[in-house]
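Heads up: the sequence lines are chains U, C, H and Y, in that order.
When the letters of the first sequence are read in order and numbered with the numbering used here, they come out as residues 1 to 135.
When the letters of the second sequence are read in order and numbered with the numbering used here, they come out as residues 1 to 135.
When the letters of the third sequence are read in order and numbered with the numbering used here, they come out as residues 1 to 135.
When the letters of the fourth sequence are read in order and numbered with the numbering used here, they come out as residues 1 to 135.
Any given hint might turn out to be false.
As the list claims (entries may be wrong) - Below 20 Å or equal to it, Euclidean Cα-Cα: the simulated SDA-like pairs (lysine to any residue) are:
hint, chain 1, residue 1, chain 2, residue 2
1, H, K53, C, G19
2, H, K99, C, N44
3, Y, K109, H, L66
Claimed, not checked - Far from chain C, by Cβ distances over 10 Å, these chain Y residues were calculated:
hint, residue
4, D16
5, I32
6, Y45
7, L48
8, P124
9, I133
Said to hold, decoys possible - Chain U side only, calculated, beta carbon under 7 Å to chain H, not exhaustive:
hint, residue
10, Y12
11, A13
12, T15
13, K17
14, G19
15, P68
16, Y71
17, E73
18, F80
If you are wondering where the hints come from, they were derived from the structure by calculation, not from laboratory data.
Quick caveat, the model's predicted, so the values are computed rather than measured.
Glycine included, each C-beta is placed from N, C-alpha and C at the ideal position.
There are 4 protein chains.
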Amino acid sequence: MLQFDFKKRVRYAETDKMGYLYYGHYAKYYEIGRVETMRSIGINYKDLEDLHKIMLPVLSLNTRYLAPAYYDELLTIRSFIDTLPDKMISFRHEILNEKMEIINNADVKLFFVDMETGKRMSAPEVLKDKFKIHF
Amino acid sequence: MLQFDFKKRVRYAETDKMGYLYYGHYAKYYEIGRVETMRSIGINYKDLEDLHKIMLPVLSLNTRYLAPAYYDELLTIRSFIDTLPDKMISFRHEILNEKMEIINNADVKLFFVDMETGKRMSAPEVLKDKFKIHF
Amino acid sequence: MLQFDFKKRVRYAETDKMGYLYYGHYAKYYEIGRVETMRSIGINYKDLEDLHKIMLPVLSLNTRYLAPAYYDELLTIRSFIDTLPDKMISFRHEILNEKMEIINNADVKLFFVDMETGKRMSAPEVLKDKFKIHF
Amino acid sequence: MLQFDFKKRVRYAETDKMGYLYYGHYAKYYEIGRVETMRSIGINYKDLEDLHKIMLPVLSLNTRYLAPAYYDELLTIRSFIDTLPDKMISFRHEILNEKMEIINNADVKLFFVDMETGKRMSAPEVLKDKFKIHF
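Chain U on its own, in the form it takes in the complex:
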C-alpha cells in the first residue's frame, strides 16, 4: 500500500456564499493528491503524457462530505493506493482539516489511454515498475 500527504490551502476563489470550500472544487484536490503521490515515487504525470503518450481520464468519482472546509484552512490531502494499477488505477483520498479531522473521503478510478490510437490500454510497465517497490 502506498500513502502520501500533501498540503493545500483553501483560497477565496474556492469558497462559496456559504463560506465553505465549494463541493465541486474537491475534485481538484484529488487531482493534486494523485499527481503529487505519483511524483513522490518518481512518476511525473506530465511525462506520462508528453513522453509516453499515455493519458489517464477519470472513470468514476465517489465522494462523501463529512464536514465543511473553510477559507484559509491548510488542508491535508491524504492519498492511498491499495492495489497495484492494472486495467485501471484506484486512488482513495481523505481530506483533513487543521485539527486533523477527516472532513471528506473519496474514491477516484482512472483508466489508461494510448494518446496515439485513442484506445484504452493496461497500466504501462514504466508506471507499474515504480509502484511495485511499494507493494
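Chain U is fixed; fit chains C, H and Y onto it per the hints.
For chains C, H and Y alone, coordinates are given in the frame of chain U:
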C-alpha cells in the same frame, strides 16, 4: 417522479489540456441541474436561503464518466427526483451530448440545515408541498 | 460598430464567501460574451480552431468592478467591437445586473495565432469578411 | 517598497484546450500573491474579515499576457507594493515561469469596506502599522 432538462454549453474555461470538459466541472452542472429543476416547480433556491434561512449542503456525490464532453458542445443536464425529499433530497443526473448520448451519470444527496441554529433539519413544508404535486 | 447582449446566471460555484461573484470569474463572462458575439454574426470560434487552425490567445485584460454581482442574478454580458479586427481583435464589455445597471466594464484584446506554425498572424479573411458587413 | 515571492504549480484543472493556463485563472494567482505577501509581514487576511470586520473587494484589474504558462510548471507569483495603502491598496504582480522569465504582469487595486456598515473606509491602522515598517 420529477424529471427536468436544462441546456448548458461547454466553455473554454471548462476545458482541460485533453480537450475535454474537466472532470471537476461536472459538479457545477449538477448544481445547475438541481437549481433549475427546483425553479421549474416553483422553488427558488435563493429564496430558501434568503427568506426561509435554509441551506442545502451536499452530503455525497457519485459520478461515472462514460464519454468525454468537448468544447462548445451544448450539453443537456437531465435531472431526476425519484423520491420525495425528507431527511435529505436525492438528485439523479444524466449529462447528454448533442447526439443525445448519455456521457455521464451521477447521484447527488443534499441535506437541510437551519441557517440560524446551524442544525440539520428535515425538508421544510414549503419545499415538500411543491414536490408533492409531482409524485 | 457591433454590439451584442447575452444573458448568464450567476451560479453558486461562482460566488465567494463575500456572497459576490468572485472577481476572477468575470474573465469567463467576457469569453462567453465574445464567443456568442462572434456566433451572432456567423463566426463559430470552434471552427476557427478546428477548420482554419487559428486560435485567439488573450493579450490583455483591463477591468473595473463598479458594483458586486450576487448569486442567482441573471446578468447581461454586453459586448462591443468598435474597430475592425486587424493585427488583433478588441472587445469591450459591460456587465449589467437585473436592474440594467452597469456593474463592471472591461477591455479584452486578443491576437491571432496560426496553430500549425505557432506564429502570430493578422485577422484571417474568413473572419474579416463576416465583420465588414457590420462596419 | 515591499516585494514577496510565492510559488504555485499549474494544475490540470487550470489548463484549457490550448494547453495553456486559462487566462481567467491568473486572477486567483494574484489573490494568492497578495494574501501571502500580507501574511509575510504579519497580516492575516482572514483575521481582517473575522476579527476586524474589514473586507477588501477588488476595484480594478489590469493584466498583460506576455507568454503562456503550461501544465505542471512551478510558477513564481512576484508581488510588489509600491505605495503605502491609504484610500486603497495597490498590488503589482509579475508571474514568472521556471526559467524565471516574466510571462505576465498585472495591477490590482482593492478598497476597504467596513463589513458592519457596508461603507467604504480608509486602510485601518492595524494594517498600515504592519506596512509602515517596510517603507
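Practice item. May I ask which of the numbered hints given earlier this structure violates, with the numbers listed in increasing order? Key: 4, 15, 17 and 18
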